[in-house]
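From just these sequences and the hints, can you work out the full model?
Chains as they are written, first to last, in this note's numbering: chain A, 74 to 202; chain B, 74 to 202.
None of these hints come from the bench; they were simulated from the model.
We put the CB at the ideal spot given by N, CA and C, even for glycine.
The reader is advised that the hints may include incorrect statements.
[What the hints assert, rightly or not] Now the in silico label distances, taken between C-beta atoms and shown as ranges:
| # | chain 1 | residue 1 | chain 2 | residue 2 | range |
| --- | --- | --- | --- | --- | --- |
| 1 | A | D134 | B | D170 | 30 to 38 angstroms |
| 2 | B | G131 | A | L157 | 32 to 40 angstroms |
| 3 | B | W176 | A | D136 | 33 to 41 angstroms |
| 4 | B | D110 | A | Q125 | 48 to 56 angstroms |
| 5 | B | Q125 | A | L157 | 16 to 24 angstroms |
| 6 | B | L126 | A | Q125 | 49 to 57 angstroms |
| 7 | A | Q180 | B | D110 | 25 to 33 angstroms |
| 8 | A | M122 | B | R158 | 45 to 53 angstroms |
| 9 | B | E129 | A | D94 | 50 to 58 angstroms |
| 10 | B | S91 | A | D136 | 38 to 46 angstroms |
| 11 | A | Q180 | B | G106 | 23 to 31 angstroms |
| 12 | A | E102 | B | W176 | 23 to 31 angstroms |
| 13 | B | D134 | A | W176 | 39 to 47 angstroms |
[What the hints assert, rightly or not] If you want the footprint, here are the derived chain A segments under chain B, 3+ residues with CB under 8 angstroms:
| # | stretch |
| --- | --- |
| 14 | 75–83 |
| 15 | 134–144 |
| 16 | 164–170 |
| 17 | 180–190 |
[Claimed, not checked] Beyond 10 angstroms from chain A on every Cβ pair, some chain B residues (computed):
| # | residue |
| --- | --- |
| 18 | E100 |
| 19 | D103 |
| 20 | L105 |
| 21 | G106 |
| 22 | R107 |
| 23 | G114 |
| 24 | V118 |
| 25 | Q125 |
| 26 | E129 |
| 27 | A178 |
| 28 | E179 |
| 29 | Q180 |
| 30 | G181 |
2 protein chains.
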Amino acid sequence: MIGCGRVGSAVALQLQGSGWDVTVVDENEDALGRLGDSWTGGFLVGHGMDLQLLRESGIEDADIFIASTNGDNTNLVVAQLAQLRFEVPRVIARILDPRRAAWYAEQGLETICPTQIAIEQLEKAALDL
Amino acid sequence: MIGCGRVGSAVALQLQGSGWDVTVVDENEDALGRLGDSWTGGFLVGHGMDLQLLRESGIEDADIFIASTNGDNTNLVVAQLAQLRFEVPRVIARILDPRRAAWYAEQGLETICPTQIAIEQLEKAALDL
Chain A
74 MIGCGRVGSA VALQLQGSGW DVTVVDENED ALGRLGDSWT GGFLVGHGMD
124 LQLLRESGIE DADIFIASTN GDNTNLVVAQ LAQLRFEVPR VIARILDPRR
174 AAWYAEQGLE TICPTQIAIE QLEKAALDL
Chain B
74 MIGCGRVGSA VALQLQGSGW DVTVVDENED ALGRLGDSWT GGFLVGHGMD
124 LQLLRESGIE DADIFIASTN GDNTNLVVAQ LAQLRFEVPR VIARILDPRR
174 AAWYAEQGLE TICPTQIAIE QLEKAALDL
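Okay, structure coming up:
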């Protein structure tokens with residue numbers, strides 16, 4: 074997976090806790106600190122668009138690929154690389170822009186859009202008044 | 074409500090569409106553009122921590138107050154002002170930090186945490202493999 078921020082690191086730890094063998098890629102080596110002392114998975118410093126780095130991370134044998142950096146463009150491009158070039162069976166991208174999330178979901182990319190969820194939850198909370 | 078970004082503006086438009094009388098406060102006057110030509114509600118430029126501005130926005134008679142800026146600290150402080158000082162019957166704050174969202178929820182503040190939702194959705198998607 075790429076992106077080891079608040080979301081990516083929490084997901085990585087949860088997956089490791091569920092028995093998965095996880096490798097995380099992040100541009101910032103300090104992000105490793107978010108994984109804590111119990112982290113036994115891989116951690117590579119670099120950009121997700123670096124094909125050689127993706128190969129080193131084990132993408133060619135991955136069952137799942139998650140793109141969860143803070144950049145929608147990075148997540149979209151790297152998710153499509155994972156899907157089309159490396160043929161990872163399952164690819165999920167976090168996309169903050171609801172319109173792009175909906176568009177790429179229609180094109181067959183699995184997307185998670187926290188912005189859309191926040192909108193829906195606030196509306197639901199307000200309208201249930 | 075305060076904050077007229079992607080989330081705030083979408084919620085404001087939805088509430089207006091449901092017949093609510095909505096006033097939005099944002100620091101950036103360009104944010105009005107997000108509300109589009111059909112916006113008939115109020116729009117005030119300024120900071121949510123400005124008590125005079127909050128009064129001008131009609132907070133003293135509001136049924137609901139939503140804090141949805143991109144700053145957790147602002148959302149927390151202004152939501153507590155709305156709740157404790159202006160006694161708005163229903164106050165909802167968007168908080169990006171899951172730990173603070175959980176803590177303030179325990180203290181009785183209604184919080185929406187898109188980060189936590191993203192974590193849960195990604196975990197669910199990955200573990201359902």
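Since B:G106 was said not to touch the interface, does its Cβ keep a gap of more than 10 angstroms from each Cβ of chain A? The claim stands: B:G106 keeps its Cβ more than 10 angstroms from every Cβ of chain A (closest is about 16 angstroms).
Does B:E179 sit more than 10 angstroms from chain A, CB to CB? holds (17 angstroms)
Mind checking the hinted window 16 to 24 angstroms against the Cβ distance between B:Q125 and A:L157? Given about 55 angstroms between the Cβ atoms, the range is violated.
Run the C-beta distances from B:V118 to all of chain A and say if the shortest one exceeds 10 angstroms. Holds: least Cβ distance 22 angstroms, greater than 10 angstroms.
Can we trust that B:L105 is non-interface, i.e. its beta-carbon lies farther than 10 angstroms from all of chain A? holds (18 angstroms)
Just checking, B:E100 versus chain A, shortest CB gap more than 10 angstroms? holds (19 angstroms)
Given the hint of 49 to 57 angstroms, is the C-beta distance from B:L126 to A:Q125 inside that range or not? Distance hint for B:L126, A:Q125 holds at roughly 53 angstroms.
In this structure, is the beta-carbon distance linking A:E102 and B:W176 contained in 23 to 31 angstroms? holds (29 angstroms)
10 angstroms cut-off, C-beta based - B:R107 kept clear of every residue in chain A: Consistent with the label, B:R107 stays out of reach of chain A, its closest Cβ about 12 angstroms off (over 10 angstroms).
Under 8 angstroms between beta-carbons, do enough residues of the stretch 164–170 of chain A, three at least, approach chain B for the coverage claim to hold? holds (count 4)
Coverage claim, chain B over the stretch 75–83 of chain A, checked by counting residues with Cβ within 8 angstroms (three needed): Coverage by chain B holds here, the residue count being 3 at a Cβ distance below 8 angstroms.
Assuming the hint says 30 to 38 angstroms, is it satisfied by the Cβ distance from A:D134 to B:D170 or not? Given a distance of about 35 angstroms, which is inside 30 to 38 angstroms, the answer is holds.
Checked against the numbered hints given earlier, this structure breaks hints 2, 5; the rest are met.
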